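Construct all of the structure, not just a fragment, from the sequences and the given hints.
Protein chains in written order, with this note's numbering: chain A, 426 to 764; chain B, 426 to 764.
Heads up, some of the hints might be wrong.
It does not matter which identical chain is used: a pair holds within one copy or between any two.
[Claimed, not checked] For lysine-lysine, the following BS3-like pairs were computed, each having C-alpha atoms within a straight-line distance of at most 25 angstroms: (1) K754 to K607; (2) K438 to K460; (3) K485 to K432; (4) K460 to K692; (5) K527 to K577; (6) K577 to K621; (7) K607 to K621; (8) K481 to K429; (9) K527 to K621; (10) K429 to K607; (11) K471 to K432; (12) K527 to K485; (13) K607 to K527; (14) K481 to K438; (15) K432 to K481.
These aren't lab readings, by the way, just hints derived from the structure by calculation. Bear in mind that the values here come from a model prediction, so they are computed numbers and not experimental data.
Residues per chain are reported as follows:
Protein chains: 2
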Amino acid sequence: MNGKSPKIQDVAKVAGVSTATVSRALSNPDLVSDKTRTTVLDAVAKTGYRVNRAAKNLRKRQSDAILALLPDLGNPFFSQILSGIESVFTTSDLSLLVSDTKGIREDNLLDYFMDMRADGMILLDGAIPRNILSQLQSSSFGNRIIFACEWKPEFDFPSVRSDNFGGAVQAIEHLYGLGHRKIGHISGPRNNVLTKERLRGVEAAMADLDLPINREFFIDGGAFSLDAGAQAARSFMEMSDRPTAIACGSDLIAMGFISEISRRGLKVPDDISVVGFDDIEIAGSYIPSLTTIRQNRTQIGVLAASYLLDQIANRITDNAAQVQEVGVKLIARQSTAAL
Amino acid sequence: MNGKSPKIQDVAKVAGVSTATVSRALSNPDLVSDKTRTTVLDAVAKTGYRVNRAAKNLRKRQSDAILALLPDLGNPFFSQILSGIESVFTTSDLSLLVSDTKGIREDNLLDYFMDMRADGMILLDGAIPRNILSQLQSSSFGNRIIFACEWKPEFDFPSVRSDNFGGAVQAIEHLYGLGHRKIGHISGPRNNVLTKERLRGVEAAMADLDLPINREFFIDGGAFSLDAGAQAARSFMEMSDRPTAIACGSDLIAMGFISEISRRGLKVPDDISVVGFDDIEIAGSYIPSLTTIRQNRTQIGVLAASYLLDQIANRITDNAAQVQEVGVKLIARQSTAAL
DNA sequence: TCGTTTTCTGTAATCGATTACATAAAGTCG
DNA sequence: CGACTTTATGTAATCGATTACAGAAAACGA
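This is the structure we're talking about:
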């Protein structure tokens, strides 16, 4: 150990073979004889050799990294998904790069591929501008991209997502089962795909159950946040005729809503039942604990990461862009009650 | 545009100069004449050239990436810090790599430096095994590491953290100010530095205020989680003589605690006042909204990232390992009330 | 004007791996 | 046994940038 990192040359010298053989012994063990392989491995252990990633990647024209692009790194919703993604990459010796889309707008996503910073991307933001996506799609990197959670309907990149429609249906059916007939909905960000799917589910379920759809009961929250819920609560309080139950576009909306109406004297679930969507960590400990639709976020991460790896390695034969829907499940807790 | 990424050679040809000049024009503009520079920049624009990171990094023996190492990527607590970190790196053209310590134990952290995957590290986990840290410290990469949030007292890596001691003091003083004299504490993970600092703060404040320290009122939560709080609530219910106020080691503990005692018929803040620590996003919308100690997590991320960059680039002259403490602030809400 | 310094640019070595190609040795088969 | 295939290894080109070194041109000073 003289402080300098050993190079493949050093290993070759110690093992008494050529650098080519060392390289092969490490990355293509079948190509060398058993004896040579053990000699080389010993030499590697002895020298403490580690492959220099920059050199390897330059030669192989790759980067050994995947970028996960989030709408907002500060949003805790995504941490579970990241965790799922990372668990896959760790076993593949890939690095996980993260960035949020705020920094992206101007400088181009394509650059990550062009300058070899990433071999693939997992997009968690459905609001990436169309022109950037077209550019990606028509480039030679179009098949190194996958959407997770959110997606962009006009593009046929593969995607992994929850069954948002089905989740909304479950929420409505649950409320119906408890006897509720006047059901409202607070939706998320206006142009968000999740918002639309969930709204579609709500309406479909209501139609199926022969419930009259009262537009007054549909509040446009405008975001998935606590604030949106609180805001919606204010609209709610002003209604002359109020629904007895509300299905929310997210848990945060639900909590913001409950928080605000409680402050104004209403009780959940006595005066109104509330269902969330997501099942974030605190949902079970909120007071009242929140009935919600559980999304398996870790699995979404795992599936997206695995699929992307297969895709990059060309292991996917069927080249129709694939949509994987992950099942969701209603978790009944105390924010909903029989009428 | 024939689909192949242009190389520096191509730019050189278009601009009618050597590759050396192109390189200089891009990374050391002062070294070339004004005229040449504009010619080169035009050629770059015309060809759509982007520097190949692997080649650049190989030559410069760097990686253009910083690793953030979290105890648990799935834990939403860290997302804000990551966001702060990322905001700094984006402006520096550095990539942010993330990983959690679960994958680390076996394979060595030092490897990230050895194989040039990272130029530096931000450690958010105080529980990294001692031998790994010693190895890092004694390597030539010892000065490319910084702790954020948590830290390891025996090592003198620089670190950025909240004023945990001061936060605990504020919590106790707040409760004292409301008239509470029988004050308890639920602590976090046993060997965690934050746990220790906060406990120290609690005890110091109590001593200062001449409050008797009743060991029965100190519950060992064992973790910062909701569950720990719920568990502690059960111990609490069994006490013959109960404190009238509790300072918790984290917001999650506080919420788990409130949730559980509410289920058992106690009311917050009527029967007992509760203070959290962290001010996580939902704290303000919890019911009751949580009085807590606000940590500026984004700023911790920003400071850690900036300091690390300075350290790597400028070789910070003052080589005494620096500890930066970020101030915290008590946010009074509805989970605490006058006795 | 001539020598000296400064500014600008080009040539070619270099970073540290992988791998195409060549070749020697070993194995196969009629 | 000789022709042919397979296996194992080495030599050297290659990936695409940066930069040490050198030389030409321009600026400067006396």
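Here's how the hints hold up against the structure:
no., hint, in the structure
1, K754 to K607, "within (23 angstroms within a copy, 44 angstroms between copies)"
2, K438 to K460, "within (16 angstroms within a copy, 49 angstroms between copies)"
3, K485 to K432, "both (18 angstroms within a copy, 16 angstroms between copies)"
4, K460 to K692, "neither (76 angstroms within a copy, 73 angstroms between copies)"
5, K527 to K577, "within (18 angstroms within a copy, 34 angstroms between copies)"
6, K577 to K621, "within (12 angstroms within a copy, 48 angstroms between copies)"
7, K607 to K621, "within (21 angstroms within a copy, 52 angstroms between copies)"
8, K481 to K429, "both (18 angstroms within a copy, 20 angstroms between copies)"
9, K527 to K621, "within (23 angstroms within a copy, 37 angstroms between copies)"
10, K429 to K607, "neither (73 angstroms within a copy, 60 angstroms between copies)"
11, K471 to K432, "within (12 angstroms within a copy, 39 angstroms between copies)"
12, K527 to K485, "neither (31 angstroms within a copy, 29 angstroms between copies)"
13, K607 to K527, "neither (40 angstroms within a copy, 48 angstroms between copies)"
14, K481 to K438, "within (20 angstroms within a copy, 27 angstroms between copies)"
15, K432 to K481, "both (12 angstroms within a copy, 18 angstroms between copies)"
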